Amino acid sequence: MEQSDILGNLKGGLGLAGKLAGKGIGEVSGLFKGREDGPTATDSGLYWRRPSSLSGKGLCPVLELLEPQHGARFGVGMVKNLTMSRAERAFVQACSELVLGNLPSSLERLQEAVTRDAQFTDAYLLMGCLEIESRNPLQAVRTFQKALLCQQGLGQRIRRYLPSFRMTLPLTRSSIFSLGADLLGLNILLALAQRLSGRPDDGLATLNQLLGVMPAEPMALFFKALFHLEA
18 MEQSDILGNL
28 KGGLGLAGKL
38 AGKGIGEVSG
48 LFKGREDGPT
58 ATDSGLYWRR
68 PSSLSGKGLC
78 PVLELLEPQH
88 GARFGVGMVK
98 NLTMSRAERA
108 FVQACSELVL
118 GNLPSSLERL
128 QEAVTRDAQF
138 TDAYLLMGCL
148 EIESRNPLQA
158 VRTFQKALLC
168 QQGLGQRIRR
178 YLPSFRMTLP
188 LTRSSIFSLG
198 ADLLGLNILL
208 ALAQRLSGRP
218 DDGLATLNQL
228 LGVMPAEPMA
238 LFFKALFHLE
248 A
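So for the sequence shown, the working numbering puts the first residue at 18; every next one is plus one.
Don't take each hint at face value.
FRET-style restraints, in silico, Cβ to Cβ [to be verified]:
{"id": "1", "residue 1": "T100", "residue 2": "L188", "range": "42 to 48 angstroms"}
{"id": "2", "residue 1": "L63", "residue 2": "L243", "range": "34 to 40 angstroms"}
{"id": "3", "residue 1": "P232", "residue 2": "D60", "range": "37 to 43 angstroms"}
Worth flagging that the hints you see were computed from the coordinates, not collected in a lab. Since this is a predicted model, take the numbers as computed values, not measurements. Every residue gets a Cβ at the ideal spot worked out from N, C-alpha and C, and that includes glycine.
With the hints as extra help, turn the sequences into a complete structure.
The structure is reproduced here in structure tokens:
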């Protein structure tokens, strides 16, 4: 956490005890918990859905979301707001902008997040996905590579704030590949971005490296065979 974050949090926490004194146990608990335990995509309700201008054809994955509008996870409690870094606040704002369909604003907030924290793995991963959506696969390659260099905490923030996140790629009319915020999904997304940017040999190299870590992984073998057929 940045020094300015720490100083600001200390100042903000000075009056916390006084604010909590007149509250009941339930109210105090809510201040600490925030909204991480909101509705899931299996509950009835009103949801944000991520529309995409891309069809998923031509080995170009698309980003899909189904996030509840009531009880969304982008609000934070008083105490968590005091302890959250500026980088994570920017990431939460990026998630909020994304579900509202404001892709440029979401990219700006993600850029702010990685500027404040150069090791913010999930910010790089989500940014790379949005760069594919923006038809900028070459930049997505660079961004996914940064995510691979970091790896620490891969998927933790995305699962917390955007649990329905996935990049999908149709296989048949009734089945799709779903690429999540994990090591397998990140490597395949990098390989697909490399292919989309006109560097299929780099994509094959990425898949071979993945198979060195996950031998006989079916999805990696499938895409490797497909890349070979197109070579």
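For each hint, the structure was consulted:
{"no.": "1", "hint": "T100 / L188: 42 to 48 angstroms", "in the structure": "43 angstroms, holds"}
{"no.": "2", "hint": "L63 / L243: 34 to 40 angstroms", "in the structure": "39 angstroms, holds"}
{"no.": "3", "hint": "P232 / D60: 37 to 43 angstroms", "in the structure": "39 angstroms, holds"}
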